[in-house]
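As you go down the protein sequences, you meet chains A and B in turn.
Mapping the first sequence onto our numbering, position 79 (from 1) lands on 86, and the numbers just tick up by one.
Mapping the second sequence onto our numbering, position 216 (from 1) lands on 231, and the numbers just tick up by one.
Some hints could be false.
SDA-like, lysine to any residue: derived pairs with alpha carbons at most 20 Å apart [to be verified]:
(1) Lys62(A) <-> Gly75(A)
(2) Lys29(A) <-> Gly71(A)
(3) Lys47(A) <-> Ser241(B)
(4) Lys62(A) <-> Leu140(B)
(5) Lys62(A) <-> Glu195(B)
(6) Lys47(A) <-> Trp65(A)
(7) Lys62(A) <-> Lys263(B)
(8) Lys263(B) <-> Arg216(B)
(9) Lys62(A) <-> Phe10(A)
(10) Lys47(A) <-> Arg216(B)
(11) Lys62(A) <-> Gly51(B)
(12) Lys47(A) <-> Arg136(B)
(13) Lys62(A) <-> Ala198(B)
(14) Lys62(A) <-> Asp295(B)
(15) Lys263(B) <-> Ser16(A)
(16) Lys263(B) <-> Ala15(A)
(17) Lys62(A) <-> Thr65(B)
(18) Lys29(A) <-> Ala96(A)
(19) Lys47(A) <-> Leu140(B)
(20) Lys62(A) <-> Arg136(B)
(21) Lys62(A) <-> Thr23(B)
Among the chain B residues that face chain A by a calculated CB cut under 10 Å, a handful are [what the hints assert, rightly or not]:
(22) Gly51
(23) Gly127
(24) Asp129
(25) Glu195
(26) Glu233
(27) His242
(28) Leu246
(29) Gly247
Keep in mind that the hints were calculated from the coordinates and are not lab data.
Using N, Cα and C, we set each Cβ at its ideal position, and we do this for glycine too.
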Amino acid sequence: MSFQLNSASGVPAYLQLVQQIKQALRMGVLKVGDKLPTVKEVVAEVAINPNTVMKAYWELEHEGLVEGRQGVGTFVSRRPDGPPPGTQARLARSLEKWVLTARQEGLDEESIEALLRSILRSSWIEGVA
Amino acid sequence: MASGSGSTTAITTKGLGKRYGSLWALQDCTISVPRGRVTALVGPNGAGKTTLLRMLVGLSRPSTGELAVLGRAPRQDPEFLSSVGYLAQDVPLYPRLSAEDHLRLGAHLNEGWDADGARSRLAALHVPTDRPVATLSGGQRAQVGLGLALAKRPRLLLLDEPVAALDPLARREFLTTLTEAVADGDLSVMLSSHLLHDLERVCDHVLLLSSSRAQICEDIDDLLASHRMLLGRRRDLTDIERSLTVIKATQTERQTRLLVRCDGPVLDPSWEITEVGLEDIILGYMGQGDVPLGGHLNALEEVR
């Protein structure tokens, strides 16, 4: 499990860690029973504030996804709600194919993101109506 | 145990000011930094960052106001100084002495000196400890300086522009050593720097000085949660200023772009609302340098 932080996003660093761990759980990269890296290991790897890592782990514990065991470490206790990893992987593959087609048609990353955002927005409005 | 060791704040100041002749280097600074935080001290050159750090470590006396560091007034006595580490801007070391000489010297001058911890940290980074420090690279000298500051086992570490002169790799190694030390235990840090991207990773609290005054002093997560960028057609700002604090307004012929501080969601659908990164928030506050102490700080005082 390795982390990446985007500082321009305006999303607090601890939430970025929470989101990345949840995504790893959805994708099956992390499984129930797996041990998360210790705070010190994360700090040593990516040079971030230890309180940020602790805050992320507390948040995950609060949501019931991980469990801290005194003196042993933090372990995954359940997956987030949603379809199983297989579904995620299948959807990821079809999206990859779509992105490839979009690139071949000449869309750059920015227009792909803009298109995805607008579709998400309009399908949300339809879903509400 | 030193008195005040139970203090929950690392640094508290009230109306703190420092005057050189007729010039105020720092004015009316009222802040509170909780313990265990890594605080980014930011602001333009001449904003009073070094002045503040020197007062916190007791090297300079305030002209006005009060300050407490780990619950005590900074003094040049051994008990206070053993709890506070300070690394000045130019990493003052004895050029002809080696890191090992410095470590032995430190053992004579400090109680509870952790020379072994410092040696193993320097060894892990392949910093030669037997050569005069003048022959080391800038990054290695910075690591020696940090190693010596940490060998004191301080509870507050004050660093003045520690990474300014370092290349990206040396900077990362320096910050890794620092964050690992924070992970190890009861250590608060305040470091000044212009490199906002580094600071955002390493720090969880920010103190912005601008025009000799404190503009912001709060947790970075709270700062990110309470600031938004609003973009919309050009309009008069009188209405919006009733419900939000406008930090910075940019008006073009057709568009208005606002950096605002808000306690709840912005409900007006005519704005496009986006989250803002730390750098943009800080630059926004720096731009309003003439404004006295941030309105929210005043509000905080009233609540107390």
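Taking the hints in turn, this is what the structure says about them:
Restraint check: the Cα-Cα separation between Lys62(A) and Gly75(A) comes to about 12 Å, which is no more than 20 Å; the hinted pair holds. Distance restraint check for Lys29(A) and Gly71(A): the Cα-Cα separation of roughly 12 Å lies within the 20 Å cut-off, and the hinted pair is therefore satisfied. Proximity of Lys47(A) to Ser241(B) is assessed by CA-CA distance (about 30 Å); at most 20 Å being required, the pair is judged violated. For the hint pairing Lys62(A) with Leu140(B), the CA-to-CA distance comes to about 29 Å; that exceeds 20 Å, so the pair is violated.
For the given pair, Lys62(A) sits about 16 Å from Glu195(B) by alpha-carbon distance, which is consistent with the 20 Å threshold. For the suggested pair Lys47(A) and Trp65(A), the alpha carbons sit about 15 Å apart, so the restraint of at most 20 Å is met. Proximity of Lys62(A) to Lys263(B) is assessed by CA-CA distance (about 31 Å); at most 20 Å being required, the pair is judged violated. Straight-line distance between C-alpha atoms of Lys263(B) and Arg216(B) comes to about 25 Å, which puts the hinted pair past the 20 Å bound.
At most 20 Å may separate the alpha-carbon atoms for a hinted pair to count; Lys62(A) and Phe10(A) meet this at roughly 15 Å. Distance restraint check for Lys47(A) and Arg216(B): the Cα-Cα separation of roughly 15 Å lies within the 20 Å cut-off, and the hinted pair is therefore satisfied. Taking the CA atoms of Lys62(A) and Gly51(B), the gap is near 13 Å; set against the 20 Å cutoff, the hint holds. Taken as a hint, the Lys47(A) and Arg136(B) pair is honoured in the structure, with Cα atoms around 15 Å apart against an allowance of 20 Å.
The hinted pair formed by Lys62(A) and Ala198(B) meets the criterion: a straight-line CA distance of about 13 Å does not exceed 20 Å. Between Lys62(A) and Asp295(B), the direct Cα distance comes to roughly 24 Å. Violation of the 20 Å bound is thereby established for this hinted pair. Proposed proximity of Lys263(B) and Ser16(A) is supported: the alpha carbons are some 19 Å apart, at most 20 Å. Annotation: proposed proximity of Lys263(B) to Ala15(A) holds, straight-line Cα distance about 18 Å (limit 20 Å).
The hinted pair formed by Lys62(A) and Thr65(B) fails the criterion: a straight-line CA distance of about 31 Å is larger than 20 Å. With a C-alpha separation of about 15 Å, the suggested pair Lys29(A) and Ala96(A) falls inside the 20 Å cut-off, and the hint holds. With a C-alpha separation of about 17 Å, the suggested pair Lys47(A) and Leu140(B) falls inside the 20 Å cut-off, and the hint holds. Among the hinted pairs, Lys62(A) with Arg136(B) is inconsistent with the structure: their alpha-carbon atoms are about 27 Å apart, more than 20 Å.
In summary, the hint linking Lys62(A) to Thr23(B) is supported, as the alpha carbons are separated by about 19 Å, within the 20 Å threshold. Taking 10 Å as the C-beta contact cut-off toward chain A, the hint placing Gly51(B) at the interface holds, the least distance being around 7 Å. Hint on Gly127(B) is violated. Least Cβ distance to chain A is approximately 22 Å, over the 10 Å limit. Interface restraint check: Asp129(B) against chain A, minimum CB-CB distance 17 Å, threshold 10 Å, status violated.
Residue-level restraint check for Glu195(B) holds (minimum Cβ-Cβ distance to chain A is 6 Å; threshold 10 Å). At about 13 Å, the closest approach between the beta carbon of Glu233(B) and any beta carbon in chain A exceeds 10 Å, and the interface hint on this residue is violated. With 10 Å as the threshold, the beta carbon of His242(B) comes within range of chain A, its nearest partner Cβ sitting at about 8 Å, so the hint holds. Hint status for Leu246(B) relative to chain A: violated, with the closest Cβ pair at about 14 Å, above 10 Å.
Annotation: Gly247(B) was flagged as interfacial toward chain A, and the flag is violated, the nearest CB pair being 18 Å apart, outside 10 Å.
Of the hints listed earlier, those the structure fails to meet are numbers 3, 4, 7, 8, 14, 17, 20, 23, 24, 26, 28, 29, in rising order.
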